[in-house]
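Enquirer: Protein chains in written order, with the working numbering: chain W, 6 to 382; chain U, 6 to 382; chain D, 6 to 382; chain X, 6 to 382.
Read the hints as simulated data drawn from the structure, not as lab findings. Computed from a predicted structure; not experimentally measured. It cannot be assumed that every hint is accurate.
[As the list claims (entries may be wrong)] Computed Cβ-Cβ distance ranges for the label pairs, DEER-style:
| hint | chain 1 | residue 1 | chain 2 | residue 2 | range |
| --- | --- | --- | --- | --- | --- |
| 1 | D | GLU313 | U | ALA119 | 38 to 48 Å |
| 2 | W | THR369 | X | PRO322 | 25 to 35 Å |
| 3 | X | ALA345 | U | GLY157 | 48 to 58 Å |
A virtual CB, placed ideally from N, CA and C, is assigned to each residue, including glycine.
Protein chains: 4
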Amino acid sequence: MTDPTGALGVAVIGYSFMGRAHSNAWRNVGAFYPDVPPVRLQTLVGRDGARVREAADVLGWAEAATDWREVVTREDIDIVDVCTPGHLHAEVALAALAAGKHVLVEKPLANSVAECEALVAAAADSPGRALLGFNYRRVPALALARDLVREGRIGRVQQVRLSYLQDWLSDPQAPMTWRLRKETAGSGVLGDLGSHAVDQLHFLLDEHVTEVSGALKTFVAERPGPDGTEAVTVDDAAWATLHTASGVVASLEVSRVATGRKNALAIELYGTTGSLRFDLESLNELVLTQTGDARTDGASTILVTEPEHPYVDAWWPAGHVLGWDHTFTSQAADFLRAIASGEPVHASFEDGLAVQRVLEAIETSHGRGGTFTDTGN
Amino acid sequence: MTDPTGALGVAVIGYSFMGRAHSNAWRNVGAFYPDVPPVRLQTLVGRDGARVREAADVLGWAEAATDWREVVTREDIDIVDVCTPGHLHAEVALAALAAGKHVLVEKPLANSVAECEALVAAAADSPGRALLGFNYRRVPALALARDLVREGRIGRVQQVRLSYLQDWLSDPQAPMTWRLRKETAGSGVLGDLGSHAVDQLHFLLDEHVTEVSGALKTFVAERPGPDGTEAVTVDDAAWATLHTASGVVASLEVSRVATGRKNALAIELYGTTGSLRFDLESLNELVLTQTGDARTDGASTILVTEPEHPYVDAWWPAGHVLGWDHTFTSQAADFLRAIASGEPVHASFEDGLAVQRVLEAIETSHGRGGTFTDTGN
Amino acid sequence: MTDPTGALGVAVIGYSFMGRAHSNAWRNVGAFYPDVPPVRLQTLVGRDGARVREAADVLGWAEAATDWREVVTREDIDIVDVCTPGHLHAEVALAALAAGKHVLVEKPLANSVAECEALVAAAADSPGRALLGFNYRRVPALALARDLVREGRIGRVQQVRLSYLQDWLSDPQAPMTWRLRKETAGSGVLGDLGSHAVDQLHFLLDEHVTEVSGALKTFVAERPGPDGTEAVTVDDAAWATLHTASGVVASLEVSRVATGRKNALAIELYGTTGSLRFDLESLNELVLTQTGDARTDGASTILVTEPEHPYVDAWWPAGHVLGWDHTFTSQAADFLRAIASGEPVHASFEDGLAVQRVLEAIETSHGRGGTFTDTGN
Amino acid sequence: MTDPTGALGVAVIGYSFMGRAHSNAWRNVGAFYPDVPPVRLQTLVGRDGARVREAADVLGWAEAATDWREVVTREDIDIVDVCTPGHLHAEVALAALAAGKHVLVEKPLANSVAECEALVAAAADSPGRALLGFNYRRVPALALARDLVREGRIGRVQQVRLSYLQDWLSDPQAPMTWRLRKETAGSGVLGDLGSHAVDQLHFLLDEHVTEVSGALKTFVAERPGPDGTEAVTVDDAAWATLHTASGVVASLEVSRVATGRKNALAIELYGTTGSLRFDLESLNELVLTQTGDARTDGASTILVTEPEHPYVDAWWPAGHVLGWDHTFTSQAADFLRAIASGEPVHASFEDGLAVQRVLEAIETSHGRGGTFTDTGN
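Please model the complete structure; the sequences and the hints are all you need to start from.
Expert: As structure tokens, this is what we get:
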């Protein structure tokens, strides 16, 4: 730490969608969480010098840079925040950990189990703290849901329903993009949206999936590209049944062709004495059912904007709703607090590895195709 | 037809839950559908003479009887309506068809594919009309959904989500019943609730499922019975992925442990240009999305109570909601109209066979257990 | 009572919308409420002999008649059910009471306070029982709401919001009808829909309104009629503030130009420790809020279809929703039970008088126009 | 403008709730709206030197100050943003306008019509631009609603329903605060919440209210204070009927005792061919009804998070919800754009005066009490 004011120097690698969201978090974390160590928005890193300089100006960074290798070893950088495309996560994060930096990696941890395992090992060996950025863990409603599960408010969880539905590929004429090519995207909707859903399962239940069965589907096999029709090589939708060691069964469904669903991560937890439901499109709400009085039992919609709710106290008075981006700011606060205290912080890289294992197992299960049964119709 | 007034004589076999619901339909069909042939509520049949006589009085039948074999051949009976437990459906319906009667069988058609095949054959050979009572086909919102799909309002359907969730077994201490024994119930939630969901898929898409993959689960293996703890031998929940010949993929999830869900048959159809959603707990509503104008596209909740909506004109003025039991009355009307006109009526016995094949294929698929993959966690 | 079987003979006066709804109730009450005295559907009365005969056949009546004066004194008639237009209620009901019959009057009790007072007096003097048919008192969700208020579940009620919105006059070109002429309709939306809302306030709070302030509005002054443009002489919308003796303040808003609202009677009760909300378009639901734990307090949607809920046990198993017409059947059951037991039955004619007084006071208040204040804009 | 970089120097007067919200807006406006003139967060002003210095540090201000009179005339200050309590608005804003500064005043404009009139006159005479901070005008869903009204999507608006309900005074034992004393708060819920609702009416319809009738109520006359029981001297709830010159009638209801409502500003606009509905607790949604096809007409819930929607393009990709505080940032952007362009910006001080006139007219109307009518019950 070289800052005379004691502020931690931050570098964000990447300046598109996620780089913007993380920059916003670093710019605001001190205003809402004054108790955490202060930060200095030092360096924004990107490949295109002119564009990253412009982004750095707009987003509030002291400087721009193009060589992440140089930046992650600099003495005035304490925290390296990796917002590159997924296939570069491992390389950057490993270098930063080797340099002893605190490292925040945007989800997914990496695109393969092997890379994830390397990252877990590196994090264990480094003096730096490591955080995986599954930002939905900082949605107040979901943090509340986890607390309520742990407190036994819905009894023992038996069945879970997970879905994450979008619709930007509903139209068969929607054009080809790099996200629909296996070589650039790694996977389709399963990796992109399924990872969030699986991580939430792990987060909410505090245990990992041990067995899966699943299938993938590409509804539209070819799409118009700049050079004519091109084959789509990733999945448009995926389904799986997930089992945990304690006997919970969760269904998973993800899609990019669910017309009318914009960003619908829906989670339902059914326990022996209650249930919880959440939909990301109504981010400030949590629905709780508790059994007890047949006359008045119902599905209770909690507006999760009270000071008693997780994270809310840092923001505005009761009843003032938060948005999607507030989750990143709260995530940065938790990371900074962990850096100061030495306490654990989640999601850990182990959590990221666990998610990647589940996703690969679903793909493997699909490849076997064993259980498809002709119905005779 | 021996009635001097020309009314069709009806016999209902069974007088518990479904017998009551069907009796209500026969008692009211003429008042709401005056255009269909009149009926005479002739005979209610049950095993316990005293109780069936009391039920016949209360429910408006001219007489009670205990021997269904005798009743189904009587000359003054034109329609035999089979509301017995599922394992007796085939025997009663086959006898009635052999006697040339019009036969309405409450769902499921029978408990095995073999029985269903026999019934399909018998229906083809009989002069009587045959109807399978999947009553949700007469929910106005679902009939409207089918019409909208056929009119292309949501484009080509790609993905479907089906679930039917209840919660009467959430509590592990909920007692043993005949419904939880394989020998008496045939199957668990898959047959009971899954059959409705699969039939709706067939109904809404007008095509049958050709391939399935699925799994079953019994969360609570033993329950308290009158003579001590007893093993539960049917499923508490089931999951499947269903494929149709045209390439639609549907997920299916059914459960009796989904705490807070009372009778939640939820259906979502995602097409290339729109979507449809329905929940039986909000029986009078249908949600329609149609793409076209990004500024105003939304999920439109239609209150399906206008005279322009299917079946509604027979009932009350616009805005007056219908209930669950109205579907049986409309079903009876459709059956009577088909008897008079000779036109086809659905659900046919073939539809029932198709559902049974899907359910058995799911069970078979589960038995193989092929695709479960260890995630390494 | 002249029926050899001991059944009570019923005559319904009127066979259009309400006559059909009441006929349905009498035809079905015994099947769902076998504990109440049996009824005989004796006579349906209307002015047009041919049409009333056809209606009697369809609706299940033993006979049709055209002279209500003769019918209401017949010995084989025990119950007279008045479903005529409102301006005839008083005359028919007074004759029936004078003949000692039990009398059910569809709401409103009458079109003026004076007529209502006469009916209250006649009911007090007659050996017959008198019931005013505010059928929404038998919506299970509203009956439950009343019970919960009485049990103190929401504390002391302070503020109430009542609205009843429809939209069949939104279009300024919607044609003239008798309902829009003062001389035929008596009043506009205030009387038609406001009466239901005010009665619910009385029902739910168990006290009457003592002070009102209000205003009426006719948005579309002229509408196309068969003989050219005609003046609309009743209100399209009305607003009022209602005060009870105990200090509750309720707002009331009724409209026929609320585009998109089909039959939206919405009620919100705010108490010191909780609240209740209801919307007739979701007839099977009641929303309950109770304070106590800031982390989990929420608005709980109760699906009012459990056997523990009012009236539900008479119908179907848990989770099977009821419709609008079931309220009339439950109303008939309550009336028959009161006839047998001698216990009071609500709504009483006093309740009807109280509603009429409130409606007239709102009209009077509007006439004064005293509080309109120029805002200077 | 003295900044060498050309950035506009901002001073915010006040650092509690609104000061924090406005600071957040100034800190972030450049990152999301890079097209507007840059700003420099120069001075945060408060009475308590130590506390304002701490707040300035946390919230990102270059310096703190305690003497607003000195600050508003400084050369390096271009924009004065008034976030003091309402009774100080006029004095500070008049001084800033006299010094030729651009002035943003948090709502309400002032606590009296007279003060508002003085501010309108001063704004007209000043070279500085003036903006009144009714932040809900920058809720994307409400800005979209206004656009849709102007485009005629719901026809001619006839009836409007406005309510703003909170519940922090439901409990009669909730303690006394300065907000419940007339001398410190000016008014109760009518001024605090009613002002937002009335401004939305003006905003959405683009016309002002010209006539009102209303009433106020204090449900709990005395509350526990630090020195014993104290009289509550402002209203807990208020009701009004508002009329515009074009013939629209709007109902208004505001309350602090609506148990279960946290921040529920609900707006419903009913036009001749459609309707719009909004609830601040679901800030990202707008419900649109349009008539046209009786089979598919419904209430369409638009998730207002598409790039085609007002303000959204500045933020995140489609489907990522915004929160309450984003409205202030968008408001700051609109103000800066207007400063640069010389184009008008709303809400104007005239808009603030119009709201204050309506609120005072409601109080006057209540004082007359003329239309209360005894119902005779």
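Enquirer: Tell me, in ascending order, the numbers of any earlier hints that this structure violates.
Expert: Those not satisfied: there are none.
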